[in-house]
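S.K.: One letter stands for each residue in the lines below.
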Amino acid sequence: MYDDLITRLTAGDRRALARMVSLIENGAPGSQEALARLHALGGHAHIIGVTGSPGAGKSTLVMQLVRELRRRAARVAIIAVDPTSPFTGGAILGDRIRMQDIGGDPNVYIRSMASRGSVGGLSSATRDAVRVLDAAAFDHIIIETVGAGQAEVEIVRAAQSIVVVTVPGMGDDIQALKAGILEIADCFCVNKADRPGADGAVAELRMLLSLDTGRDKAAWKPPIVKTIAATGEGVPALADALANHIAFLRASGQLVERGERQARSEILALLYQALLARVDATIGPDRFAAVVREVAARENDPYSAARAMEQQLGL
Amino acid sequence: MAEQTSLDATPQTQVAPTARKIRVLVAKPGLDGHDRGAKVIARALRDGGMEVIYTGIRQTPAMIVEAAIQEDVDAILLSILSGAHMAIFPKIMDLLRGQGATDILVMAGGILPDEDIPAIEAMGIKGNFGPGTSTQDIVAYVRANVPPERMAQPLPPLQTLGTPPTDATEQA
Ligand SMILES: Nc1nc2c(ncn2[C@@H]2O[C@H](COP(=O)(O)OP(=O)(O)OP(=O)(O)O)[C@@H](O)[C@H]2O)c(=O)[nH]1
Ligand SMILES: [Mg+2]
Chain F
4 MYDDLITRLT AGDRRALARM VSLIENGAPG SQEALARLHA LGGHAHIIGV
54 TGSPGAGKST LVMQLVRELR RRAARVAIIA VDPTSPFTGG AILGDRIRMQ
104 DIGGDPNVYI RSMASRGSVG GLSSATRDAV RVLDAAAFDH IIIETVGAGQ
154 AEVEIVRAAQ SIVVVTVPGM GDDIQALKAG ILEIADCFCV NKADRPGADG
204 AVAELRMLLS LDTGRDKAAW KPPIVKTIAA TGEGVPALAD ALANHIAFLR
254 ASGQLVERGE RQARSEILAL LYQALLARVD ATIGPDRFAA VVREVAAREN
304 DPYSAARAME QQLGL
Chain D
2 MAEQTSLDAT PQTQVAPTAR KIRVLVAKPG LDGHDRGAKV IARALRDGGM
52 EVIYTGIRQT PAMIVEAAIQ EDVDAILLSI LSGAHMAIFP KIMDLLRGQG
102 ATDILVMAGG ILPDEDIPAI EAMGIKGNFG PGTSTQDIVA YVRANVPPER
152 MAQPLPPLQT LGTPPTDATE QA
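Line order of the protein sequences matches chains F and D. For the first sequence, my numbering begins at 4 and goes up steadily by one. For the second sequence, my numbering begins at 2 and goes up steadily by one.
Okay, chain F solo, but in the shape it has when bound:
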């Protein structure tokens, strides 16, 4: 159905690429078939997630990282995710403001996406957009996302290397890191290192990492890189750290493991959606709601209710 679009986007046509991302974001009929074909074409890009607290300098850092990767002759795509307002469904996507220097480079593609209805900061459309960009033969795909709890964990599903950006003088920020994203970071970036307290922040992170017993001793030790995104200082070291990380994943077999973990969660999510659609079609939302009320009122129990539905669905 989208053969023409796929041919053109794999040949480097940016309008075709942009339109394919829109079609997928809107769940257009036939987009799953297109994604299936795109999936077969991809698998070559290094997918990098960048997360951290609001205003930490993520977009500026991404812009500098792209400049560095361009110096290394790579083609780079960026997906910048900002939150959808839960009240209006609208969004202001402002990450491009910091990326003007690279916006006109024909080997760079930048796409702003709203999180829309997704639970974390990363919509499932983001993962599908990554699939389009991967098929379009970008060497690196960078996802910038708002650092808001669940979002960091969601990033893991789409990214191979995760950069957590923090800034000096945010003790609370470091405390928050402890709560969940310490485990998922493959690389820490202490940005705004031109400000006082950068070395202290590095030391604090190092201390926290040494306490993190959840990590396998033989596993990757996340480097801590000091950067000044405003000037680009430290960014080559960040690019090196990311190159080392993907090399480590490849050599250790963990890249395949990560890929399988992602594939598994995607299949399960699709199965779950398919099951819901069948429940909708076979049992119907009204009957379902009635059963929910019965169970809540203790006229029925969840086990019998589920078993009856399974039978009706032919499971």
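In short, the hints are calculated from the structure, not lab data. Just so it is clear, CB atoms sit at the ideal spot from N, CA and C, and this is done for glycine as well.
Coverage of chain D stretches by chain F, computed from C-beta distances (three or more under 8 angstroms per stretch; other residues unrestricted):
hint, stretch
1, 37-49
2, 70-82
3, 92-102
Sample of chain F residues with no beta-carbon within 10 angstroms of chain D, all distances over it, derived:
hint, residue
4, H47
5, A201
6, A240
7, N247
8, A250
9, R253
10, V298
11, A299
12, N303
13, Y306
14, L316
15, L318
Based on the hints, put chain D with the ligands in the right spot on chain F.
M.R.: For chain D with the ligands alone, coordinates are given in the frame of chain F:
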């Protein structure tokens, strides 16, 4: 991408992930450094349920058109105070045409002298919102004027790339 079903525990306040959203690029061409007006409009469009790509001040025509293409926006709102519109607007329209992106609604707002309006309209730029225009009117205008072929549910494949337009009606 799977369908949202009515059984999903999506709270009422949240929007289905697959809902068609109007995407608008709010751009600030020219050399003046004030973008308060552009930001007010951006927020109003957001509050109207749209996705607004805001790119900051001092945008060249090439930057604006490149961003519009990469972001696949439905509409561009050019906010201008500097008086350079008669030099900048034709460049933007030429670049858009050069990319075959003629299905994007292009609007202007800011300080545009009355005597220039006919020429601006002749370029295919709509709206021409003066300083007194209410943000609600701008939101309503965008909603009403995004080309219908773009608002087909879902987006049509690129007609200008040679895909038969029948696809759009099939999907509707
Ligand atoms: N002093 C200093 N300021 C910086 C540095 N990096 C970024 N900034 C500034 O920090 C502010 C926020 O930068 P962004 O790149 O927009 O930060 P962000 O994390 O992408 O912000 P959100 O996407 O809104 O969460 C801007 O004013 C930048 O100029 C740095 O290394 N040093
Ligand atoms: Mg940002």
